[in-house]
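Residue numbers (this note's numbering), protein chains in the order written: chain A, 1 to 360; chain B, 1 to 360; chain C, 1 to 360; chain D, 1 to 360.
Hint data in this document are derived by calculation from the structure and do not stem from the laboratory. For clarity, every value in this text was computed on a predicted model and none was experimentally measured. Fair warning: there could be bad hints in the mix.
A pair holds if it fits inside one copy or across any two, identical chains being indistinguishable in the list.
Result set (DSSO-like, lysine-lysine): computed pairs, CA atoms no more than 30 Å apart in a straight line [stated by the list, open to error]:
(1) K68 / K28
(2) K66 / K79
(3) K28 / K327
(4) K68 / K20
(5) K66 / K20
(6) K79 / K20
(7) K69 / K327
(8) K28 / K69
(9) K68 / K299
(10) K79 / K117
(11) K299 / K20
(12) K175 / K143
(13) K166 / K20
(14) K117 / K68
(15) K27 / K69
(16) K143 / K27
(17) K299 / K166
(18) K27 / K68
(19) K143 / K66
(20) K20 / K69
Protein chains: 4
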Amino acid sequence: MTKADSPPLAPSDKQPPHVKIPEPPAKKVGWAIVGLGQLAIEEVLPAFGQCDLAKLVALVSGHPEKAKKVAAVYGVDPKQIYDYSSYDTIAENPAVDVIYIILPNSMHAEYTLRGLKAGKHILCEKPMATSVAECEQMIAAAKTARRQLMIAYRLRYEPFNVEAIKRCREGQLGKLKTMRATNGQNTQAPNIRLSQTLGGGPLQDVGIYCLNAFRYLTGEEPIEVSATAHQPKDDPRFREVPETVAFALKFPSGTIAQGDCSFGTSEARRYDVHGTHGSLHLDSAFAYLGQRLILRDSKMASELNLSPVNHFAAEMDHFSECVLSGKESRTPGAEGLADLRVITAIQEAIRTGRTVALNT
Amino acid sequence: MTKADSPPLAPSDKQPPHVKIPEPPAKKVGWAIVGLGQLAIEEVLPAFGQCDLAKLVALVSGHPEKAKKVAAVYGVDPKQIYDYSSYDTIAENPAVDVIYIILPNSMHAEYTLRGLKAGKHILCEKPMATSVAECEQMIAAAKTARRQLMIAYRLRYEPFNVEAIKRCREGQLGKLKTMRATNGQNTQAPNIRLSQTLGGGPLQDVGIYCLNAFRYLTGEEPIEVSATAHQPKDDPRFREVPETVAFALKFPSGTIAQGDCSFGTSEARRYDVHGTHGSLHLDSAFAYLGQRLILRDSKMASELNLSPVNHFAAEMDHFSECVLSGKESRTPGAEGLADLRVITAIQEAIRTGRTVALNT
Amino acid sequence: MTKADSPPLAPSDKQPPHVKIPEPPAKKVGWAIVGLGQLAIEEVLPAFGQCDLAKLVALVSGHPEKAKKVAAVYGVDPKQIYDYSSYDTIAENPAVDVIYIILPNSMHAEYTLRGLKAGKHILCEKPMATSVAECEQMIAAAKTARRQLMIAYRLRYEPFNVEAIKRCREGQLGKLKTMRATNGQNTQAPNIRLSQTLGGGPLQDVGIYCLNAFRYLTGEEPIEVSATAHQPKDDPRFREVPETVAFALKFPSGTIAQGDCSFGTSEARRYDVHGTHGSLHLDSAFAYLGQRLILRDSKMASELNLSPVNHFAAEMDHFSECVLSGKESRTPGAEGLADLRVITAIQEAIRTGRTVALNT
Amino acid sequence: MTKADSPPLAPSDKQPPHVKIPEPPAKKVGWAIVGLGQLAIEEVLPAFGQCDLAKLVALVSGHPEKAKKVAAVYGVDPKQIYDYSSYDTIAENPAVDVIYIILPNSMHAEYTLRGLKAGKHILCEKPMATSVAECEQMIAAAKTARRQLMIAYRLRYEPFNVEAIKRCREGQLGKLKTMRATNGQNTQAPNIRLSQTLGGGPLQDVGIYCLNAFRYLTGEEPIEVSATAHQPKDDPRFREVPETVAFALKFPSGTIAQGDCSFGTSEARRYDVHGTHGSLHLDSAFAYLGQRLILRDSKMASELNLSPVNHFAAEMDHFSECVLSGKESRTPGAEGLADLRVITAIQEAIRTGRTVALNT
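Whenever a hint applies, use it, and build me the whole structure from the sequences.
Structure, rendered in structure tokens:
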């Protein structure tokens, strides 16, 4: 075959007008992952392959062998592996812009504070911490360090929940009257989520999705909380934490939202919103994929045709863009703090058998 | 055409083995309808056309003109029309076996007692009455009169709810852990349901479906109730009754059930049951038709293929059969009483902001 | 209880504005059913209980015992039972206005002609007859007798198919480009549908729904037909008729429609219509109940919320109204004739292995 | 913070037993992409981020500027960019193991032959070529070169279609009787798919999915083909190719399959399989994501809960594994050849208006 035979311009290279060739990014943001548990291994690390702006550059783990293996899979330089004692020296590593904290809930505050002290921006898993006081301390530290602090509410960055928020807030259902949400799974022991010491429990680990959803769908803060819980005596998984927590929130506009969360049911992750003129249903609302969004009114039920994304890639690209541009993320520390306030009130309602008022 | 030309046995008359020619009933049970409101006009009266054992023979109404018109449509002898003052003379009418009371809730007790005194069996709409005391009085009166008293819980006679009960009780979902139910609609004024005096309100009129469902799905009586309500000040419909009531029930086995009901939302009628191994979803759970029953586990979601029936015809045929056979119905007065106990506890929980314990 | 105590106007009798009390009909139309096969027993006879304008007054059957039993169930005077030799004397029965012919396909023409001669209006099951010539003869006889002849295309009277027609014809999908329909079931022997002598076969008995749908959805007559069939040699059910027939129709506007029908599959009854801008899906399209109508475009898939009706009651009330008013039905003999033309062309295409042109 | 303060073993690092840390691959297979059209840009290149065994190492394009930009986005060394005249020198590049040909259909044969001559393994987009003769030549060339040739039937590597095949072949539906498939879209001009010269057309570009599905679901080769097509005269897009093609295939076991494909409808991509005991429905069957697989029998309709994958990553990893292990792929050249035989028969059936027999 000679050059003359070959097409000067291959026909497949004629792009239809709508084919968009992505722009090469000026710079990718460097990320360190702290904690190589299930979420990191199964979801976060693979998601870097779908990021446009975030690149994995460092790992922090208490297990040198595991960290080496993970580094090999993802092409991380073995020199970029830290353990928990060398963690603070990450301050001297210019390749790391962001630290993503994927540790047990009870360790979020400490590793966030140390990471901020090291001059890095922080993405911290939810729940932000184990108390309102810790949250306030973390927010203050970020302000002092002039670094960004984002809480990993991935659903705020995926298109189905984003669309649900839009529909609810723009009044497509009329006034919002009632909501229900459930987030349940069968949690197998041993699991840090079953440890109160480590900040686990169904409310902290899965229930937070329901209450966060109630807040982002209404755009309001609750004024009243009632709750109940079940902690079976004959199931060794639930020595420290309840199996099931159910709660009701009342919002200033009159919306009543009921949520339940459980570590003892088959997988259940949905929410339903009812307004004066229609309703909205998202199922799965909270899983990593498989969202289906239904709108209903008296004439029809419609499933929207939206393109799913990888939640973790979307969230990490969003924060990378914030870090590059200096603008604040959609879910800063204040979001995590607001949820902790509600969690604290739910715990009080369970303890006292009384409706708890929240000052907003 | 001569006789010889015609087939001695028309081929279409050869029945495939599975064609069942219904048996002519020995006797049909005669029914009187008390109250010609929306439910009677739109649902109950047309359902007689689908009954095998129940036939409409009399009407009781305060509106002579309307009653005459209805009698003409349904072929009721005009002599069989009563008004509220002549109601008691129905005792002398041997054609009437059963009286179906479709009056405002506050009148259920009185018309049941008068009907029992007239020697008739009673089917009474739900809620059975406006207080536990009334319910107890009605049950006692039926016992004294040696007549049957059934409460019109139509869903206990339609195949989707019956199947849901079977699946929940037989353990197909594993242990039942959480349940949610909603029953909502936009109630237009004027409507007796908006009148507290007449015994109306969202809890009494639509919420009762949720709590009854929790009881029939679990087969248990609740031991704890918490609740909240919203009564908007700027909506003239809700001067007497709340717009929305939400409540949580805790059952002896640990199941937690959350229900909400509203007169201010677009139509919403579903329940969701979550167990250790799977979940069950019925939507619409409570409407007159359109039931879809979904079972889910980790491998699949399955919609059962059941044949719908007319709920009112099924309920009226069931009670007719009870009357003919002397056996007790599936939803006797005790069922109505049990619901009133829960309703009363929910009202107390709303009033006090406290969890209310129920003695069972 | 004294009269003074009872309410002069019971509150439940206050109708909300939208409660419509049906008008008593001036006259109900009297119907005779000819043939007490499965369709009559299981579907048509029970449907009278839901009719507003049609009442059952006579039965025609070759089985006196069965006819008596059926008469007892439905309250038909035993004197109003005919057999196939006394059928013509129905002319002298003024209570009978309409004869509904539910006989094997091969008998449709004869019993229609005899019924018209008896001066009655005829509702004839589909397929109208076994040949184009028979259809033409039936239409001519109705004209001569000045009686109405309607073919029992029940789907033209039920709201889901009616809505589908509206959406397709009004251009909501853009131009119609492709359609697919299937109507399949597992037909058990013995069954008249498996007899070619009696006019049976999958094309005549279930495939006709597909081709009729293609015609009513497009509003056009096909211009080209191709087809194929399968008749398994090892299945004794299919000695006379094929198990499966598949065909493609081309319409003047360019729409291509593919249908299949089978007596050897589990139940399958749906159609799909694809246009330039959207698609429409009805499943079940052809069963007696359970219709679900979905519209799709690039943004969403919507299920319409329509109220189902009893197909047979709707069809019989429609024809009763035509008889009372003198206006022609939506599915006169011409509709049945048009389908027979297509059936004939499909049979020719199977036989010859060639595309058959239809003159329209 | 001192070392003593930090946990020697962070609790999140305790893996639940089911967390699998992926093994670092011994070697990743190097891929060159030939043709940077829409499919490459939008689907194939981003999929490398989700591959375990395939890595992108080279690009072949007629557009140097575009190639440079794409190389920058995906981290390809600019020296690894070829144009159509330098393509053959890829033989000297040891980093390239596999060439993936994503060119217009008419160029598949040439670039496959040249790639094989360069000693590389070939993944070639479907349809494999524009004639049976070309396919045979390609297969022979691969044999001579001792290199693997795989056709890019991505659906054979994604779990929903794989499960559908399993269910159909293992008899879960009973004997397969009828099938329908549709693959339609609104193709906008200018587009190489609208060019007959370039080997485009609805049958070649989207209809091939339907006929390939019929073959993989039955596991048989068709014995008879009938077909029809529509080429509107008033639409400038369809000067060279039809808008719509519909065809019917008959298989040796008696299964009849009807497919249609169109460049003039809104998106439609599904198949339905009907057997003696049940049916199977996949929608979308052919799109890049959003598969939903439904199984139906007389008792229920079940949607299977399968985990979706990126089709292109799955296909490229599969072929990488074949290249590493030397075992043949699931879709070698013979698969592409079989489809071309059917395509050729469909074209003949359209041209002649006759059923075409296929020798198998």
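Run the structure past the numbered hints and jot down the numbers of the failing ones, going up. Hints 9, 12, 19 not satisfied by this model.
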